[in-house]
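**Q** Okay, here's what each chain looks like letter by letter:
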Amino acid sequence: MFWREKANLWTLITPPTVWALHFLFCYVVAAIACAKFGRAADLDGTRIVIAVATVAAAGLIVVAAVTARHHWSIGSELPPYDEPTSQDRERFLGVSTFLVSCLSFVGVIFVAMPALFISDCR
Amino acid sequence: MSEATMSEQADLERRRGQEERLGKVWATPKSWRYWSAVNNTEVGVWYTATSFFFFLFAGALALVMRSQLAVPENDLVSAGLYNQLFTLHGTMMMFLFAVPIFEAVAIVVLPQMLAARDLPFPRLSAFGYWCFLIGGVFVAGSIFFNAAPDGGWFMYPPLTTDPELSGIGADIWLLGLSFIEVASIAAAVELIVGVLKCRPPGMRINLIPLYCWYILIVAGMILFAFPPLIAGDILFELERMFDWPFFDPARGGDPVLWQHLFWIFGHPEVYIVFLPSIALLAMIVPTFSQRPIIGYGWIVLAAVGTGFLSFGLWAHHMYTIGMPAISLGFFSAASEAVAIPTGVQIFVFVATMLAGKVIFAIPMLFATGALAIFVFGGLTGVMVALAPFDWQVHDSYFVVAHLHYTLIGGMFFPLMAGIYYFYPFMTGRLLSVRLGKWAFWLMFAGFNIAFLPMHFTGLRGMPRRVFTYPADLGFDVLNLVSTVGAFVMAAGVLVVTFDLIRPLAKKLKAAHNPWNAGTLEWAPLDPGNPWGIRSVPVITSRYPLWEQEGLARQIAEGRFYLPDAKEMKRETLITTVLDAEPVQVLRLPGPSFLPMIAAIFVGGSFIAATFHWWISAALSGVVGIGVIMAWLWTGTAMIPEKASKDAGLDAELPLYKSGPQSVGWWAMFITMVGDGTAFASLVFAYYFYWTIQPDFPPPDATGPGLTYPLLAAAVAFGAWLCMVRARAVNRGGSERRAAQLMATSVLLALASAALLLYAPWTTGLVPTRDVYDATVWVLVLWSAIHLVVGVLMQGYCIARSLAGKLTARHDIDLQNVVLYWHFAAITAIVTVMVIALFPLVA
Ligand code: HEM
Ligand SMILES: [Cu+2]
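Protein chains in written order, with the numbering used here: chain A, 1 to 122; chain B, 1 to 842.
Calculated from the structure, these hints are not laboratory results. Even for Gly, the Cβ is constructed at its ideal location relative to N, Cα and C. A portion of the hints provided could be inaccurate.
To be verified - Incomplete in silico selection of chain B near chain A, CB under 7 angstroms:
#1 Asn206
#2 Val300
#3 Val304
#4 Gly312
#5 Gly329
#6 Ala333
#7 Ala334
#8 Ala337
#9 Thr691
Stated by the list, open to error - Negatives, chain B to chain A, calculated, CB over 10 angstroms:
#10 Pro29
#11 Ser67
#12 Ala70
#13 Asn74
#14 Leu76
#15 Met241
#16 Ala250
#17 Tyr423
#18 Met426
#19 Thr427
#20 Gly492
#21 Ala510
#22 Ile615
#23 Ala643
#24 Glu652
#25 Gly676
Modelling step: build the complete structure from the supplied sequences, incorporating the hints.
**A** Given below as structure tokens:
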């Protein structure tokens, strides 16, 4: 799923999809915890769950980034990768996916941060 | 005569013959039949003009509001009318102007940019346009009957669920806009398939114009953003019309659910209108810098990144509803994260301008103006994304200022740039430079005079959506200045409008490719020809007109693919997704009134429902479905007279492809993804109630039991199996047997739908009693309707099969219907799992 020989449009959107699932997961888990255990409840368990999810999501994104880096570095030319060849198509998808992975990684960390600092539901 | 000139002569003859045939095939219908046109060059222009008209209308409403607010205690309009004014202004600007005009411009430009003769489903575009026109006139016209919606453009319940308080306006909003949203989704499907499958040979994924990247992403966003709103609209109408208590706390409902569904749509919506406008800038900036864009990959990052991140921001519109701090934190973090890709795009543009030699023509003037305004709006955006700051300015004029800076800088000014830029390509004439300068400076100055002070009016405490204010609170001068600014800006808009509608003959003729752009839409030597592109070229560069010597001339001489229309049929080339290798010649349908008639009846059904004329609504709907069937029957999945044809350049390409290789299959797939998103939103509603209530299902709930739902799921599964089997059998050549299997599936599907509805009925769930009952009912209804629609499709396939139009080799219809059935079966089975099995676990 995350390691592919060839890049395509699905590999391009894999990292942000991971971000989206991670985001939803964090939001849903916290929302359920706060709704079911009341506003004063502490979030210790939830925060651990979120931490695990964050590590998992970040890990998947890193794998996607490494794959992309692999597609990108076929040959060693620099961008803009605008030749009408399969190689340049591959490199272009690689570099774009790599950039998208970086953004998704930052996004995951950003979203996890509130869980680091906020310890209850108030 | 020498031999060389003789062959030249022959070549000329041949070309003239080709052009004559192409001209006939693609001719625009004459006189009253003109309105049966479906070609992108007509439909796209109507679409653009109509949405621009709605912009003028909504702008006029804004001027009335500004006049009312010019001085304190003014009585130009009543409070009630003011409510209608701001609601209709916001609603029209967002739903009737910003989204449609992006789709409209894309329908005009995209095929030309891709050197396609048209998008793959021209009649669908036409249908979308007529839906838009009918729905738009209905919604806009309501203000003349003092019946416009008045609950704000996000229609928060409980104010709007009360028929006493909101009158018919809310129904007009809900039904009129739902109808238009369907049209928007149709256009999105068309654009996605267009970008992925209709590119010229050689235009690999690393060579496509940036505009196409944006369109692809935005159309994808529409697919996930609009369905939640449609689901919300359904719940909303059920509450208004039949008293199902989705948003009524007394019976377990919750108004906050609407806020979620609305903003899951509403926030991506602002990016849906922003990205296509940025896409225009991504074409304009390189042209006027006379160099390729710097950081193509970064733009793709930005487009993909914003496309995704913008879905994680919705609750920043709900900071004040009392969410737990940690939820606020998540949304705040995502809101700040989205600033990264947004900023990247701005830097890419600035870098490209710095690296090239910028020519400040009118489009470029608007482009720079747009960047300046948008950056300012972005900065206040980062401010309001922080929850504590937002608590202070929420619902104040600060927000009005912020949203107009982003929308006008991020959407309106780029659009103006685009209009100036593309006008010569659409008409062969240039807009006036002198008027353009006037328009720009009037609008730019007027805009800032109007909206900059609003930041301070807001910080001083003036709430939004108030029809007047007392003197001496410190609002007077600021408001007067804002009003003056609004009129100055309006003057600028008038100048542009005047220039646009001035007779063409008075305008300067544009040279070929007047801005010396590099992309294919500027290739045709004479934009007056109806066929779009004379022959479909082979592309080897991101800016073919700059880098491929003599390309425009060779295209015009018909040196490439599809230079002819030998069989007198409209055709375009289909290529593969990643590498754009030609794989098929697609036959396109010609002019027809059917899409218009279908839109009239389907629209009629929605309008009649607004007034609770149930019988007319049902009749109109049935006729509409009939017309759609007739349209499909006569215009789609046609069996070609031969298997393949010579597409030029020695390529022999098939004329018919079915299954995942056909464009129709992809259109169905994409549509069903949207449909699945709407269903997921309904399931979300179920779990939303489950989270907020101590017991869900409530202890006194009686249904829907286990037996009937499980039986329904099993039978639906059987219906699906029959369909899959029918497809295989049909492929194997036993067409009769396939028809029998489909008939069996019809019976099973009907049985499953009946069982689904029977379950809550027999256990006595009453949808008006409690939100639990209503939610179960809405889920089973949704599934049952999908099964019944599946039955209609099966009936259609059986008829096609009997008529000999669906055969072992030509099975597009069956392939697409089976694809639909995958989704329908999943819908039914998930419904059963949620309503019958989940309560056992919970
Ligand atoms: C032509 C210049 C424009 C002017 C003078 C203008 C003026 C206004 C005014 C006075 C309000 C109502 C403020 C209130 O009472 O709360 C408003 C609201 C709004 N405007 Fe504009 N506007 C303009 C253009 C636009 C454009 C181009 C868009 C979107 C593409 C837009 C979208 C909105 C929205 C969404 C609202 C909120 C409506 C609501 O509160 O329900 N406006 N505008
Ligand atoms: Cu937002």
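**Q** Next, verify each hint and record whether it holds.
**A** Here is what the structure says about each hint:
Against a cut-off of 7 angstroms between C-beta atoms, the interface hint on B:Asn206 holds, since the closest Cβ of chain A lies about 4 angstroms away. Checking B:Val300 against chain A: minimum C-beta separation of about 5 angstroms stays under 7 angstroms; hint holds. A distance limit of 7 angstroms between C-beta atoms decides the matter here; for B:Val304 the minimum to chain A is near 5 angstroms, and the interface restraint holds. Hint status for B:Gly312 relative to chain A: holds, with the closest Cβ pair at about 5 angstroms, below 7 angstroms.
Checking B:Gly329 against chain A by beta carbon gives a least distance of about 2 angstroms; that is within 7 angstroms, so the hint holds. For the restraint placing B:Ala333 at the interface with chain A, the shortest Cβ-Cβ distance is roughly 4 angstroms, inside the 7 angstroms limit, so the hint holds. Proximity of B:Ala334 to chain A holds as hinted, the smallest CB-CB distance being about 6 angstroms (cut-off 7 angstroms). At its closest, the beta carbon of B:Ala337 sits 5 angstroms from a beta carbon of chain A; the interface hint therefore holds under the 7 angstroms criterion.
Hint status for B:Thr691 relative to chain A: holds, with the closest Cβ pair at about 4 angstroms, below 7 angstroms. Non-interface call for B:Pro29 relative to chain A: holds, since the shortest CB-CB distance, roughly 38 angstroms, exceeds 10 angstroms. The claim that B:Ser67 is not at the interface with chain A holds, since no C-beta of that chain comes within 10 angstroms of its own (minimum 44 angstroms). At roughly 43 angstroms, the least C-beta separation between B:Ala70 and chain A is larger than 10 angstroms, which holds for a residue marked as non-interface.
Here B:Asn74 stays apart from chain A, with its beta-carbon at least about 44 angstroms from theirs, past the 10 angstroms limit. Every beta carbon of chain A lies more than 10 angstroms from that of B:Leu76, the smallest distance being close to 45 angstroms; the non-interface claim holds. With a minimum CB-CB distance of about 30 angstroms to chain A, B:Met241 clears the 10 angstroms threshold, and the non-interface call stands. Annotated as non-interface, B:Ala250 keeps its C-beta farther than 10 angstroms from every C-beta of chain A; the closest such distance is 19 angstroms.
No Cβ of chain A comes within 10 angstroms of the Cβ of B:Tyr423; the nearest lies about 29 angstroms off, and the non-interface call holds. The beta carbon of B:Met426 sits about 28 angstroms from the closest Cβ of chain A, which is more than 10 angstroms, so the claim that it is off the interface holds. A cut-off of 10 angstroms between C-beta atoms confirms that B:Thr427 is not in contact with chain A; the least separation is 31 angstroms. The beta carbon of B:Gly492 is kept farther than 10 angstroms from every beta carbon of chain A, the shortest such distance being approximately 37 angstroms.
At the 10 angstroms boundary, the C-beta of B:Ala510 stays outside the reach of chain A, the nearest C-beta of that chain being 28 angstroms off. Separation of B:Ile615 from chain A is adequate, the least Cβ-Cβ distance of about 43 angstroms exceeding the 10 angstroms criterion. For B:Ala643, the condition that its CB be more than 10 angstroms from all CB atoms of chain A holds, with the nearest at approximately 29 angstroms. The beta carbon of B:Glu652 is kept farther than 10 angstroms from every beta carbon of chain A, the shortest such distance being approximately 23 angstroms.
The claim that B:Gly676 is not at the interface with chain A holds, since no C-beta of that chain comes within 10 angstroms of its own (minimum 15 angstroms).
The structure is consistent with each of the numbered hints, conforming to all of them.
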